[in-house]
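A.B. asks: Each chain, written out:
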Amino acid sequence: MKILVCISNVPDTTTKVKFVENNTKLDTNGIQWVINPWDELSLTRALELKDDSSTGITSVTVAHVGEASSEPTIRKALAIGADNAIRVNGEPVDAYYVAAQLSEAVKNENFDIILCGIESSDHNGSTVGGMISEFLDIASVSAVSSLSIENGEAVISREIDGGKEILTVPVPFVAVVQKGIAKEPRIAAMRGIMMARSKPVKVVEPIAVDPLTSVEAFEMPETRAACKFIDPATAGDLIDILQNEAKVI
Amino acid sequence: MTKQIYFTIALLVTLGVFSYTIYRLTSFFRLTKPAFPVRDIGKRIRLTLEVAIGQTKIFRKPVIGLFHALVFWGFLVILIGSIEMIIDGLTGSERVLKFMGVVYNIIIASGDIFALIISILILVFIARRLFFHINRFEGIEMKRRSHVDANIALTIILLLMLSLLGMNSAHCAMEGSGEGNLVGLFPVGNMIAGIYTGLSHSTLHLLHEIFWWSHILLIFLFANMLPYSKHFHVFLSVPNVFLSRLDPLGKLVNMDSVTREVKLMLDPETAFAAPSGDEVPIERFGVKDVEDISWKNYMDALSCTQCGRCTEVCPANITGKMLSPRKIMMDVRERMKIRGPGLVKNGKEFTDGKSLIRDYITEEELWACTTCNACARECPINIDHPSLIVDMRRYLVMEEGSAPAELNTAFNNIENNGAPWQYSTEDRLLWAEGVEIPVMADLFARGEKAEYLFWVGCAGAFDDRYKKVTGAFARILTHLDVSFAVLGKEETCTGDPARRAGNEMLYQMQALQNIETFKAYEVRKIITICPHCFNIFKNDYPDLGADFEVVSYVELLDRFIKEGKLKLDASRLKELTVTYHDPCYLGRANDIYEEPRSVIKSVASNYVEMDRNRSFALCCGAGGAQMFKEAEKGDKEIFIERTEDALKTKANVIATSCPFCMTMITDGLKYKNREDDVKNYDIAELIVQALEL
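Chains as they are written, first to last, in this note's numbering: chain W, 1 to 249; chain X, 1 to 693.
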């Protein structure tokens, strides 16, 4: 079986987000780019499955839509342990565009399991996984919190209201993956980074796809009010503040 | 003539067996990797005279240290007599060295007295092992074999001394009763000679021969037993000291193979290029098994006599964790004994399905080390345990990526946002909110320069408690009109936690990046408030091409006070009773003990010392990247043990000079519920209080 992990390139979580061009574009100046945390965990799980020879997983591929500047993120994924990579050389404008490009790039590769993080930590659109399954006309399972291979079959569990649902799914399918799929992201060891330099990265040119959305403007959330401290001596004031200032009681 | 023949045969057998031992050990040494180059012979001779011959480190335990030193010095003197016996035995001469006259008499008399002293001390040692419970002689690594080994060696030494005394006394009785031409001087032998009264000259002669042969044969036996016992240190401790690593304890050996790779990674031209065919593949990063250790690691392991001084001072061991530095050395020696012959016979590819890591030394042991260097500081023969522990961590991190999860998080943070914690680089100057702090880039843009770069460090920039210390020190600098600037947003982790945790790659990436920044701003002098930053700049960065002077704020404050620039009144904080906790990376790593004390005493006259202080100080538990992970399993947290040391002094202020120590001691005070009556201040804060800045 072959696994594909779709990788998104996102700003590091400590980034102070700023916008340019009339608040329509992210200011990428000085941003450290990392693998989207959900995708990183998907990749970790895929590699764990491959490490276990009883699963019959033969390869783990990563696929990404992005320009050459996202190469470090792909190399990182290879350093963590992916066997090879596919990069669609286009700017990821929206989820539809990304899903269309990824589907086109992998449609003839016969992947059995396609893992997509449930969302990316930049735009949090949560739609790429579902769209890929439509493009490829295969099943998709959403909110997957565990994945294992038992007797050649994919066993999946999903968080559902008040409990857990356990499914077996015939391949091929897309799994839209939540955190929890792996405990901690695997990190790239020195040896892995060296080996990544000689792993194959297939670069394909994008097909013509019109995005379905366009950005009007980004807006920053209001800054959180400062924390108010109440002296223990006048603890009684708390009730007054909650009632009259915060108006919560 | 027959005596000569027998003697020659005995000597040849001894040398034969000994040569086989040496041959076998040499073949094991050949399996090891190169270590540091052995240069500075003059310095090495001085070190050997001081540490090996002068026994300075053994005197860290004064009483038992003196006992050992007497035995050692006695051995040296008696050795001359033994050489004489060998010459006599081979040539048939009698006391061939007597031509040295007075000198000879002094040597022989000293040997005679030492034989008695050593006999008594060996009895003390045996009694101590048999009847007293000495903590450091126990531990998981101390099996029955180790105890038997010790007792056999002590017994043989005792017999050696008794045979020597027997020989000397018989000689006295024989020569004294004869023509009176006694050769040599035997104060003790003469006393004992009385017991032979009435024995004939020939009986005395026979007795003397029996003692002579017993003594020399015991020496031959002992010499061939030693290499197989823990008492190999009798031969190896002096050379082991001579071949010590001369660097400060805080320095780790740079991995040049990693430097090559990191430079390729940092260069956009080569970063993603497939490796060219002519690159030599690197066999292994770090130490997984005995073929990865250096010859010095192996020599350390062979020289170790399991005295347990290292384990006794190990903060991890004291608080019930798995780590015992002595066990690391014993495991290396044992592993070589098992794996060495297979490697010699079958080459590098030989495998027995086991490895030094995991089958001998567990990951839990390796991750328990705080790299405080107490073990290395204590070892009487300069064994370097922490470097080997870090080498094994290097294997785990760089080959397997299998560091504890919290450390992986810290690595990711350093890589992504330049600090072990998840804070934005943009927030690096929040500590200075409301005050004017000169920033390097601004100064440079104006065409100005600052004398010092004030390196704030990640804790100084992001840790809420330590931000106050940063502010305090910056106020002192401003008060003194020191020309300084900070890097602000351009500052990024030095790589210290990564390096001590075995992530040499991440460390070198950080270091090379920082060195570039320093070069760009033409930085010549750096002041640090964090001892970890200080140490890595001072000791580790030069290997990567750094060229600047680094000074700890503690040294700087001390210098300003001594120069009279910083005027302080010792009675200023007289209501305080202050004790000082030595950070490992100022103290043991860099021998800065007196400066902080003199700074404190210049503002607070009531100063008290903890029992474990200066080079004996106990680590706070945070070094070696422990700050960023949970402590390994044990029965106590190290910071609690250390806080108890401080509370015992009854001081109401525990002064520190390290952000990590501050976190740990503050936690300790919370744990002990003593936050109200005992305060934890940094030295800079004490000065600010005294100056009312």
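Source of the hints: derived by calculation from the structure; they are not laboratory data.
Check each hint, because a few of them may be wrong.
To be verified - One side of the interface only, derived from the structure: several residues of chain W facing chain X at Cβ under 10 Å:
1. 12
2. 16
3. 20
4. 33
5. 34
6. 74
7. 84
8. 170
9. 184
10. 242
Note that beta-carbon positions come from the ideal geometry of N, C-alpha and C, so glycine has one too.
A.B. asks: All the hints need checking, so say for each whether the structure fits it.
C.D. replies: Taking the hints in turn, this is what the structure says about them:
Because the beta carbon of residue 12/W sits about 4 Å from the nearest beta carbon in chain X, less than 10 Å, this interface hint is met. For residue 16/W, the interface hint holds, since its Cβ comes within 10 Å of a Cβ in chain X; the closest pair sits about 5 Å apart. For residue 20/W, the shortest C-beta to C-beta distance to chain X is roughly 16 Å, which exceeds 10 Å, and the interface hint is violated. Contact between residue 33/W and chain X, as hinted, is supported at the beta carbon level, the nearest pair being about 9 Å apart and thus within 10 Å.
For residue 34/W, the shortest C-beta to C-beta distance to chain X is roughly 6 Å, which falls under 10 Å, so the interface hint holds. Evaluation of the residue 74/W hint against chain X yields a held restraint, the C-beta minimum of about 9 Å falling below 10 Å. The interface hint given for residue 84/W is broken, as the beta carbon of that residue sits about 13 Å from the closest beta carbon of chain X, more than 10 Å. Annotation: interface hint on residue 170/W violated; nearest CB of chain X at approximately 33 Å, more than 10 Å.
Given hint, residue 184/W at the interface with chain X, holds; its Cβ is 4 Å from that chain's nearest Cβ, closer than 10 Å. For residue 242/W, the interface hint is violated, since its Cβ never comes within 10 Å of a Cβ in chain X; the closest pair sits about 26 Å apart.
Consistency note: the structure conflicts with the earlier hints numbered 3, 7, 8 and 10.
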